[in-house]
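Q: Sequence order for the protein chains is A and B.
Heads up, the working numbering is the position in the first sequence plus 241, with the first residue counted as 1.
Heads up, the working numbering is the position in the second sequence plus 146, with the first residue counted as 1.
Just so you know, the hints here were simulated from the structure itself, not pulled from any lab data.
Not one of these hints is a red herring.
A few chain B positions that, by computed beta-carbon distances, are all more than 12 Å from chain A:
1) P221
2) D283
3) H341
4) L346
5) P371
6) Q373
7) L477
8) Q513
9) R555
FRET-style restraints, in silico, Cβ to Cβ:
10) G315(B) to L694(A): 45 to 51 Å
11) V647(A) to S158(B): 27 to 33 Å
12) R236(B) to R660(A): 33 to 39 Å
13) L308(B) to L416(A): 37 to 43 Å
14) H505(A) to I433(B): 26 to 32 Å
15) W673(A) to R157(B): 34 to 40 Å
16) R669(A) to E421(B): 26 to 32 Å
17) W673(A) to G315(B): 48 to 54 Å
18) W676(A) to D251(B): 30 to 36 Å
19) R669(A) to W160(B): 42 to 48 Å
20) I408(A) to P347(B): 50 to 56 Å
From the three backbone atoms N, C-alpha and C, an ideal C-beta is built for every residue, glycine too.
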Amino acid sequence: MSDVPSTEEDEPLHILGSGVLNGRPRPFHHGIRLNIRGRSVTLRGLKHQPIGLLKWVLVLGPGLIAASAGNDAGGIATYSAAGARYGYDLIWVMILITVSLAVIQEMVARLGAASGRGLLDLIRERFGIGWTMLVVGLILVANTGLVVSEFVGIGAAAELIGLSKYIAVPVAAILLWYLVIFGSYRWVERVFLLMTLVFFAYPVAAILAKPDWGGVARGAFIPTIHFEAGYLLLLVGLIGTTVTPFMQLFQQSSIVEQGVARRHYGPERLDAYFGSVFSNFISVMMIIAAAATLHVAGQMELSSAADAARALEPLVGPAAEVLFAVGLLGASMLAGTVLPLATAYGVSEAFGLPKGVNLDFRRARLFFGLFTAMLVLGAIVSLIPGLPVIRWLLFVQVLNGALLPVLLVFILVLVNDPRLAGELKNSRLNNWLGWGTFTLITAAVIGMLVSQLLGSYLP
Amino acid sequence: MASIFLSNLPRSFWIEPAPPVGRFRLKLVDLVLGSLDEDYPAIKHLLLRPGQRGQPESLLGNSAREGSRVDWILPLDAVEMIQWEAGRIRVHAPGAIQAAERRADVQEVLLKRDILDNFIIDLQNTRVNRANDLLLDNGDGLRLRAVDTGLRALLRRASGGLYHGVHQGELQDWKYVEFLRGDPGAVEAGAGYYHRIERLPAGEIALLSGELPYLHSAELVLLLPIQLAADVLELMAPERQLQVFEELPEGYAVRVLEKMAPDIAADLVGHLSPEDVRRFLNRLPKISGERIVDLLRYPEDSVGGIMTNDVIVVRADWTVAQARDGLREQLEQPDFVYFIYLVDDEENRRLRGVVTLRNILIARDDQRMEEIMTPYLVTLSPLDSPRQAAYRLINNQLAALPVISQDGRLLGAVTVDAAVNLVAPGSWSAQAPRIFS
Numbered sequence: 242m243s244d245v246p247s248t249e250e251d252e253p254l255h256i257l258g259s260g261v262l263n264g265r266p267r268p269f270h271h272g273i274r275l276n277i278r279g280r281s282v283t284l285r286g287l288k289h290q291p292i293g294l295l296k297w298v299l300v301l302g303p304g305l306i307a308a309s310a311g312n313d314a315g316g317i318a319t320y321s322a323a324g325a326r327y328g329y330d331l332i333w334v335m336i337l338i339t340v341s342l343a344v345i346q347e348m349v350a351r352l353g354a355a356s357g358r359g360l361l362d363l364i365r366e367r368f369g370i371g372w373t374m375l376v377v378g379l380i381l382v383a384n385t386g387l388v389v390s391e392f393v394g395i396g397a398a399a400e401l402i403g404l405s406k407y408i409a410v411p412v413a414a415i416l417l418w419y420l421v422i423f424g425s426y427r428w429v430e431r432v433f434l435l436m437t438l439v440f441f442a443y444p445v446a447a448i449l450a451k452p453d454w455g456g457v458a459r460g461a462f463i464p465t466i467h468f469e470a471g472y473l474l475l476l477v478g479l480i481g482t483t484v485t486p487f488m489q490l491f492q493q494s495s496i497v498e499q500g501v502a503r504r505h506y507g508p509e510r511l512d513a514y515f516g517s518v519f520s521n522f523i524s525v526m527m528i529i530a531a532a533a534t535l536h537v538a539g540q541m542e543l544s545s546a547a548d549a550a551r552a553l554e555p556l557v558g559p560a561a562e563v564l565f566a567v568g569l570l571g572a573s574m575l576a577g578t579v580l581p582l583a584t585a586y587g588v589s590e591a592f593g594l595p596k597g598v599n600l601d602f603r604r605a606r607l608f609f610g611l612f613t614a615m616l617v618l619g620a621i622v623s624l625i626p627g628l629p630v631i632r633w634l635l636f637v638q639v640l641n642g643a644l645l646p647v648l649l650v651f652i653l654v655l656v657n658d659p660r661l662a663g664e665l666k667n668s669r670l671n672n673w674l675g676w677g678t679f680t681l682i683t684a685a686v687i688g689m690l691v692s693q694l695l696g697s698y699l700p
Numbered sequence: 147m148a149s150i151f152l153s154n155l156p157r158s159f160w161i162e163p164a165p166p167v168g169r170f171r172l173k174l175v176d177l178v179l180g181s182l183d184e185d186y187p188a189i190k191h192l193l194l195r196p197g198q199r200g201q202p203e204s205l206l207g208n209s210a211r212e213g214s215r216v217d218w219i220l221p222l223d224a225v226e227m228i229q230w231e232a233g234r235i236r237v238h239a240p241g242a243i244q245a246a247e248r249r250a251d252v253q254e255v256l257l258k259r260d261i262l263d264n265f266i267i268d269l270q271n272t273r274v275n276r277a278n279d280l281l282l283d284n285g286d287g288l289r290l291r292a293v294d295t296g297l298r299a300l301l302r303r304a305s306g307g308l309y310h311g312v313h314q315g316e317l318q319d320w321k322y323v324e325f326l327r328g329d330p331g332a333v334e335a336g337a338g339y340y341h342r343i344e345r346l347p348a349g350e351i352a353l354l355s356g357e358l359p360y361l362h363s364a365e366l367v368l369l370l371p372i373q374l375a376a377d378v379l380e381l382m383a384p385e386r387q388l389q390v391f392e393e394l395p396e397g398y399a400v401r402v403l404e405k406m407a408p409d410i411a412a413d414l415v416g417h418l419s420p421e422d423v424r425r426f427l428n429r430l431p432k433i434s435g436e437r438i439v440d441l442l443r444y445p446e447d448s449v450g451g452i453m454t455n456d457v458i459v460v461r462a463d464w465t466v467a468q469a470r471d472g473l474r475e476q477l478e479q480p481d482f483v484y485f486i487y488l489v490d491d492e493e494n495r496r497l498r499g500v501v502t503l504r505n506i507l508i509a510r511d512d513q514r515m516e517e518i519m520t521p522y523l524v525t526l527s528p529l530d531s532p533r534q535a536a537y538r539l540i541n542n543q544l545a546a547l548p549v550i551s552q553d554g555r556l557l558g559a560v561t562v563d564a565a566v567n568l569v570a571p572g573s574w575s576a577q578a579p580r581i582f583s
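If we strip away everything but chain B, and leave its shape as in the complex, we get:
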């Protein structure tokens, strides 16, 4: 026998200990995975449940507390012979079996509890599926090889052994799967995961998270490194973004918020409850907190409500060489870098002109920034209509327009991303017809 479906395993196993003790039957409760470091993880031990009586308790290596409901843990390396299909297990070492209280151990991965019937992400096709059945390979130990996501798997399980159909196309190689438990708390509790999802681009992860229930989405985000989590949150549909954000543990949420583009972060924070807003803004580091507060001062339906204030600023009286040095640091942080705004000094931020990255690259070192800048600017005022600003930006085919106050200080910029979001709102999935609402 090369491989077997989880659904084809017998419901109970005959345990055959060394001669003085006769054989007896235990119900198969679950299969526990060993290390997740391997692509195809091996089953480490079985969780078996005693029936009413008739089990020789003498086999147990430990004794369970009186009156507690226990399962028996059988490590597979203590097994002398096992016939999976026939349901026979020969145990040699006495005391190999341990009694364990029946409580949920979050950290271990149990096939039936944590994977079967739960959501899995097929990373090859970037799809969300349910694990309808699991395929186990029996070579070097019993290993989890693939997950069956098709209707046939359900028919197999429901028919009780009458139907055996398998479709290769519905089997998903376990190497390219991320599984989810539906409990964001499990990530914090140190449960085992693959974290393979982080190899996908942020946009794809955001799309996948839109297909999942919101608790699973939050769990998925928690699996990501902070910067990627921030990128994914930025790309989510607004309602989902809020749902997920509110499920994140507070410390994590603060760090994600810090990494998000300030305009999107401000929109998100602006939708939280007043107590939450106060708490989050007070916990954020000074600079990013100030940025968000600055943006929150403008109404949502104004240019100020859609602009970002994370822009790159350089003094106009610097030379190009000075600017290049100064830019190196600044360029590490913001997402939006194509335009560099020139101001008379960093405190005052009175806008003088703009240069592009290309301007700087082709300019000579000793030129002054003033000499290479474009002094004629199309500017926006923070209380302008955002839709008009968006069309203006798109008509001009620019990547961004600066926003200045009445006294000419640079406040931020409206980027083409924000403009497109406004003119063509929502992603493709948000455009899909809704059935229930």
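One chain only, chain A, in its complex shape:
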């Protein structure tokens, strides 16, 4: 044992970071105190309920930002298009779909906590490899479509601030790939998240645009149906972008990776509900903002991102395009990485192959291959000259909407399986809401397909 007592100077104070002064004990944290065997004991791990408004914001903040970032390029295009074309007439769909989204997101979160496994994982265990291949195929198509639309978003944002998309998109793709593979992505992710804060401008812009609130209320609670193909198409698009199949995969995997155990699932339920309601609040505000500016001004069709940006004009005037570009870029970059990454992760997991960015290329070929392929494909397709941008974005959302019923069946069967969900299996109310959602969405999709077919064969 050393007989020279160490001096305080020896200690690398600069690494301490906590700024604790020598020798002075830090104040006691008032954890939960218990009396056991006559002695007082402090428990450490219990989460304290936040007290006061500020703490609530601190706790919920990251979740809110993440939820608003869910409004990616395709979402912004769809909501703006819906507002511009049909004014407030589609808001009722958003109200209904918010309930559905909350119910579905909560279901998959519960499934994740109960089983400790991802959605594709469970589909494989419960339904076998054939069905898994089918679902993986569908997910790959839908998600690659989404990745394309994210790069379309990046390109559009670049053009708004005067950069050529033929430079911006390849640079963005390479940058994202590099950051994910070689590590500093966590930091950059926060920058992207901050950029998406721009979308908080939509509620303000919507109010400043002085919408006809009576009309908004009517649109929200009285379903108006236009009997035309475009209306159903947009309706399915709205569903697809709001309840994206990808979101379910992501939600479940994120619950699993956060280590939520089945015994502690309770509080997560509220998170799932709150996140869904909040992200849809922003979406509805986008529709209102677009309706109160574009629709009112008689601009029914969006032809470019600049048109969509005009919805922010009541708030920032001529700066609308730049502000819109910042938000669009942040959201697209964020989704442009998370989408291929989470897809590659889920698919590798379902196939029982190694996954994770910290692995060697040769160990995880499928994981890296899928991730890279989706990025490359997304960037290339989005650069095809003459690609009708807004139409593509809508098409991808419609495709997602059409795939949703398929995934929903799997989710509903899984979450009712006592072997997988155990005590957390669906309640009767949940099943009613789940199958109700399934029926409505399927009806909408079939209606849309029929109207499209009729539209293309009849004059």
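Take the given structure of chain A and dock chain B to it, following the hints.
A: Okay, now just chain B, sitting in the frame of chain A:
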């Protein structure tokens, strides 16, 4: 035919009984393994499912309850001839086939239900994989020989017989495999397992368990002997440790807790819900319960929160020979043994000095402990900053620093393991970038 993949077996089999009864078709449901004592276990019987009608019920050795959905169990030793690839089975003994109700029998190992598509652990490469296909050897009966973990196996299965690619490197010898069902309850229910995992070192098992979903992790821990389970839990990342611990049956959990190092056990217990803490601490044996309660009195971000109180104590006025005798018993329990702390008496535990194991080994029997001890001590107080204590320990290049109360009583020691955990938190896997959160 030497070997066949499970995926290449026909979906249904023609059963050819003795002449008066004509042949008929049954769907292959599953293959049931016999004893797991062998490295390559043999298939004991087949689980077959009758179609709508057309099966001569007279073949059954027993009769199923009216209206219950049944499968037919065909023991392979009652089979006269079987052609696996062609899907033909000739049965001779009438009544060899039994009807069994379709309910899950947890204890038996069914290839499709329990192994195929589930997680397996490749013990040679210490990796977690999924059983994408199973290779069966047809020599001395049909035996499970290897598991295919590659993408090719999936392509084979999905292509419906069009693709036949096999890669030797993706075949994992069944002798070095542990399989998991994903249900911690199955271990308690007496389901068959290999328990081969216990041959790996605790650190490797902890790493593997980090790659598995948490229910599988808990199942894995339940396969281990208590002491090893405690070691593995100690080495897990904190969140995973808690998830797994809460899935263990209570009696088992108490025994594991008892074997864990008290500092880690206290951290674990401190993260449980208040009712659980009370229940566990009351069920623990007196000594280990007291140790944990002692440690829980200190806040997490203090030296008391990271120290262990499982230290070896010897009276300073003993001779070396006395100390050696006394140590023999004490040394059986604690993990941390290099330093021996000298106190004036065991009740009071006023710290006098420290000796190392080496000091004791080289000292003469008749020397007093006081004579060989180091009386100059770097000590910590339980409410000191733990990070400073950790740097102090690392700077001094010591294995541990004693923690004493204000009146000089020995409370415990901060070990270098705890210090390193604090300064460089988490394992390599915990450092890996997260995708979803």
